[in-house]
Structures are given as structure tokens and as C-alpha cells.
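**Q** Chain by chain, the residues:
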Amino acid sequence: MEQTWRQAKAAFAAISIPPIAWLLLFFIVPMAVIWAYSFGENTGPVTIDFTGTFSNYMRAAEPLYLEIFWKSVLVAGLTTILCLLVGFPVALAIAFASPRMKAWLLLLIMLPFWTNLLIRTYALIAVLREQGYVNFTLEWLWSNASGLMTLVGLQPLGEFEPLTLLYNNTAVVIGLVYVHLPFMVLPLYSALDRMDRSLMEASLDLGAGHMRTIMQVVVPLAAPGIASGILITFIPALGAYLTPDLLGGTDSQMIANVIERQFKRANDWPFGAALSFMLMYLTFIAIAVQALVQRRSERRR
Amino acid sequence: MTTLSQRRARRERPGPLEYTKRWPLRVIVLATLAFLYLPLITLMVFSFNTSRRNVVWQGFTTDWYVKAFNNESLLQAFVNSLTIAFLCTIISVILGALAAVMLWRFRFPGKTAVEGSMALPIVVPEICLGVAMLVFFARVLPWPMGLPWPLNLGAITIAHVSFSFPFVSTVVRARLASFNRELEEAAKDLGASEWRTFWDVLVPHMQPGLIAGALLAFTLSLDDFVITFFTAGPDTITFPVKVYSMLRFSVTPEVNAASTVLILVTVVLTAVGLQMQNRTEADKAKA
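Protein chains in written order, with the numbering used here: chain A, 3 to 303; chain H, 19 to 305.
In short, the hints are calculated from the structure, not lab data.
Computed from a predicted model, the values in this text were never measured in an experiment.
Some clues are possibly wrong.
Chain H is faced by these chain A residues, among others (derived, beta-carbon under 10 Å) [unchecked claim]: (1) Ile50; (2) Phe52; (3) Thr55; (4) Ile70; (5) Leu94; (6) Met112; (7) Leu113; (8) Tyr124; (9) Ala242; (10) Ala268; (11) Trp271; (12) Ala275; (13) Ser278.
By construction, the Cβ of each residue, glycine as well, lies at the ideal position given by its N, Cα and C atoms.
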């Protein structure tokens with residue numbers, strides 16, 4: 003049983019004061035300051051007056067910025083869907099592997115997750131650029147296909163045009179999937195691993211195919227895991243800064259890049275503060291939606 | 019009529035639930051692993067390339083490692099990163115363990131609010147925390163300039179602890195759920211003080227959680243770019259920030275060499291951490 007704090011006041015104070023004080027001073031206070039700034043105005047190069055104005059939020063609701071918000075949601079959503087499509091079969095394979103194999107596969111999925119994000123993004127640049135390995139492989143396939151076609155008496159294919167895989171929106175989505183895939187696989191795996199397998203066996207015995215069993219038995223059973231995987235992938239992808247910055251082109255900016263510019267080059271802190279609070283509210287909405295869906299699915303059962 | 023070969027084929031077909039043995043899943047798993055690892059392997063291989071440009075393999079050399087190790091500012095950034103990660107780990111483990119014990123042991127007014135705010139740093143987007151820290155250290159608590167090393171790393175360390183210790187707390191609390199509270203009562207009945215009970219009964223039980231939390235805090239700190247980017251000053255560059263600026267100017271295999279070293283450091287540390295965790299769990303199982 004939990005103790006009430008009155009029973010051991012000294013111990014309670016010794017245990018609770020350090021973490022609460024730290025959280026208050028070095029997390030709540032900085033956040034509160036930013037929140038206050040979002041209602042302020044620039045009155046000089048370094049002075050900001052707290053005037054209680056909503057003009058920063060009005061400006062954030064202009065079409066230009068709404069479009070960037072919408073685009074960030076789309077990019078993060080697409081990333082999440084791709085991660086789910088790739089992550090689900092991988093998680094399924096891990097969950098049904100032999101114990102030894104399972105440990106290895108989990109380690110292999112986890113290892114890139116422990117590697118530095120910047121390094122992983124940089125590694126991807128070398129693979130995706132015009133003189134990168136994806137294009138080299140495609141060129142090789144292209145010339146072989148071309149040779150084959152001359153062999154059977156057809157017109158050879160034209161000159162190989164390297165694909166532009168870098169500095170556009172595709173690159174941002176590829177980069178985000180690359181970085182966030184482990185986030186999706188792990189919760190999916192733990193949901194699938196805990197699942198009652200006799201239900202799957204029953205479904206297969208009663209004549210349902212594998213696809214049908216997966217769609218109608220496994221997916222509903224693993225729904226909480228899928229929901230948390232979606233959330234855990236969507237939130238960081240929505241606020242991604244580094245990937246669009248390094249892999250994106252001029253039109254692939256996401257909210258985080260706009261916020262960064264307000265605080266560095268544009269030097270408009272109140273507007274940046276308003277944007278970052280809007281991003282935060284979006285995040286909270288995503289969390290609330292997930293909690294709602296989860297509660298509804300639990301009630302149905 | 020079933021021929022022998024058909025019967026054998028049926029026998030060798032995977033069982034109904036052996037999804038790992040079905041070839042479509044095998045292909046997907048292999049392709050995923052290739053997608054995850056080929057870029058990293060390419061990066062490491064090209065750190066040994068003689069060509070300046072990372073395009074064609076020309077020959078083997080370790081010059082880039084020598085160059086990276088002689089690059090004063092890169093080395094300083096590397097040392098800074100490891101120092102910050104080390105300090106951040108110690109503080110985060112202490113704060114995280116205390117927070118976990120507080121939430122696990124006590125009932126107190128406002129507990130839900132405290133629990134909720136503890137989860138906030140985990141879900142708040144990095145960029146928001148980054149700009150908040152920038153403003154905080156610029157306007158509210160200006161970190162004095164020109165302090166001797168490692169005190170000049172204070173601002174970054176504080177920012178890292180703020181987002182790391184809630185993770186540690188979550189891990190440790192999960193571990194505490196399996197603690198038998200009667201052991202604590204028994205220790206107290208036998209005359210152990212509050213402190214002694216904590217140190218000799220609770221902490222040993224928390225140990226695997228503490229190790230896992232420490233590992234998490236260390237990698238979170240070492241990995242962080244965005245929050246550091248906003249709190250770093252001109253003479254407090256960390257490794258990711260340094261690599262970022264190198265990427266902006268010129269990309270040479272020197273970056274590959276430095277990255278390879280960092281990847282190896284993380285892999286070795288993770289291996290050591292997992293080993294320690296397995297060992298303490300095995301000890302517990304034996305005891």
C-alpha cells in the first residue's frame with residue numbers, strides 16, 4: 003500500500019523536493035516564459051514587452067503558416083503510415099521467431115536507435131544523392147535492362163537519368179521513416195508478443211486465411227500497441243527539425259524549421275513562441291485523440 | 019493420390035504460426051535491416067577511403083582518423099559531449115530514482131499533477147524545449163560566460179537533465195512495481211533507519227532499472243542535437259553541433275571517421291550496459 007506523506011514527512015521531503023524543484027525551475031519556468039512571450043511584442047532589438055496581445059497567434063493563423071502546419075501534419079502522417087506498413091510485418095516476424103533469433107532481431111532493430119540521429123541522417127545523404135548508391139544500383143539495372151533489350155532486338159533504353167532523391171519532400175519522408183522505424187516496431191512487437199496465440203490458431207483452424215486472420219483477429223487484438231506505435235512515431239515526426247533541414251529542399255520546411263528561424267535569423271521571439279505553443283497544442287491533441295481511441299476500444303471489449 | 023515429394027513438401031512447410039519462416043516476411047525483414055544498416059555501413063567503409071569525395075572507392079587509408087584526432091575543435095567537441103553525457107547521467111539517475119520512489123511510495127495532494135508534469139518533458143517536441151531553454155538561459159538565468167571547463171557546460175547539462183530524468187523515472191518505476199513492500203516494513207521492524215532501508219533494501223532492488231535508466235540518459239544526452247543547438251555557446255560546442263557545422267561547410271571523410279568513432283563508442287557502451295543488466299538480473303534469479 004502507498005503511504006500517505008504525513009506518515010514520514012522528513013523522508014517525503016528528502017525524496018520529493020529535488021525532482022520537483024528541478025522540474026519546476028528547469029522545465030516549467032522556461033515553458034512558462036515562452037508562453038508569456040507568445041503574448042508579447044518586440045519593442046526593440048532585445049526588449050520584449052508583455053502586452054497580452056494575440057497578434058502573434060493571428061499571424062500564425064495566416065495561410066502561409068497554416069499551410070506549413072498542414073504540410074507538417076501530412077508529412078508526419080505519411081511517415082507514420084509507411085512506418086506502420088513496414089513495421090507491422092517486421093514486428094510480426096520478430097514476435098514469432100525462436101527466442102534466440104528474437105533477441106538478435108530486437109538488438110538489430112534497436113541498435114540504429116542508439117546511434118546518433120545526425121550521423122544517421124548524414125549517412126542517408128551519401129546513399130540518396132545523385133552520385134549515391136541508390137542511383138548507382140538503378141543505373142546498373144538500367145544498363146543491364148538496356149543490354150537485354152538490344153539482345154532481343156528492341157530499341158535500347160535511352161541514357162540513364164539519375165533520380166533526384168535528395169533535397170525534396172520525398173527525401174524528408176524517407177529520412178523520417180529511416181529515423182522513426184524502431185519507434186514503431188518496438189510497441190508493435192510488445193503488443194504482438196503478449197497476444198493470446200490460441201485465438202489465431204482458432205481462426206486458422208476455422209478456415210480463415212492468413213491475411214484474414216491478421217486483419218480480423220491480430221490487428222484488433224494488437225490495437226492498443228498499434229495506437230501507441232502511431233503516437234510514438236507521429237509526435238517526433240511532427241516536430242522534426244534536423245531531417246527537413248538536412249534532407250529537404252526550399253519547399254520542404256516543417257514547423258520546427260520555421261520556429262528555429264524566428265529564434266535565430268529572424269529574431270522574432272514572440273512569434274516563434276506562439277508557433278512553438280501551437281505545435282505543442284497539436285501534440286497534445288494527438289495524445290488526447292489516442293487516449294480517446296484507446297478508451298473506446300477498451301470499452302468495446 | 020499424394021506423391022512422396024508432395025508429402026515431403028507438406029512436412030517441410032512452416033507451421034501455421036511460424037511467420038518468421040515464411041518467405042514474404044523474411045524478405046521484408048531482410049529488406050528492412052538492409053535499409054537500416056546499409057547507409058551506416060557505407061558511412062563507416064568510406065571513412066577508410068583515400069578519395070576526398072565520398073563517391074568511389076579508391077584505396078585504404080587511416081589518414082582521416084589521424085586528421086580527425088588532430089582536429090583540435092573536433093576533439094574538444096567530442097570530449098564536451100562525453101562530459102555532458104556523463105554529468106547528465108549521474109544527475110538524471112539520482113533525480114529519476116527519487117521521482118520514481120516518490121510516486122511509488124507516497125500518496126500526497128497534487129500527485130496527479132506532479133505525475134502529469136513529469137511526463138511532459140517526454141512528450142513535448144524537442145524544438146519547443148530547445149527554444150524554451152534558449153530563452154531561459156538568455157533572459158532568466160544567464161549562464162556566466164568564460165567559466166573554466168567543465169563549468170561552462172552547465173547550461174547544456176541542465177537542459178539535458180530536464181528531458182532525461184523523466185525517462186529514467188519511468189524505467190525505475192516500472193522496476194519498483196515488482197518490489198515487495200513487506201521487505202521494507204521488515205527492515206524497519208528490525209530497527210533499520212529510513213536511510214538504511216532505502217540504501218540497503220530498495221536501491222539493490224532498483225539496480226537493473228537504474229542501469230537501464232543510466233544507459234538511456236547517457237544515449238539521450240549523447241544523441242541530442244536540437245536542444246543543444248539552442249543552448250550551446252561559441253566555446254561550448256558538442257560533437258553533434260560540430261558535425262552539423264562541418265556538414266554545412268564541407269563534407270570530407272573526416273566526418274565519416276569521427277562518426278564511426280562515435281558509433282563504436284555507443285555500441286560498446288550499449289553492449290556493456292546490456293551485459294551489466296543481464297548479469298544483475300541473473301544474480302537476482304539465482305538469489
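**Q** Now tell me if each hint is right for this structure.
**A** Comparing the hints with the structure gives:
no. : hint   : in the structure
1   : Ile50  : 9 Å, holds
2   : Phe52  : 12 Å, violated
3   : Thr55  : 18 Å, violated
4   : Ile70  : 13 Å, violated
5   : Leu94  : 5 Å, holds
6   : Met112 : 8 Å, holds
7   : Leu113 : 7 Å, holds
8   : Tyr124 : 6 Å, holds
9   : Ala242 : 9 Å, holds
10  : Ala268 : 13 Å, violated
11  : Trp271 : 7 Å, holds
12  : Ala275 : 7 Å, holds
13  : Ser278 : 4 Å, holds
The structure fails hints 2, 3, 4 and 10 (numbered hints given earlier, in ascending order).
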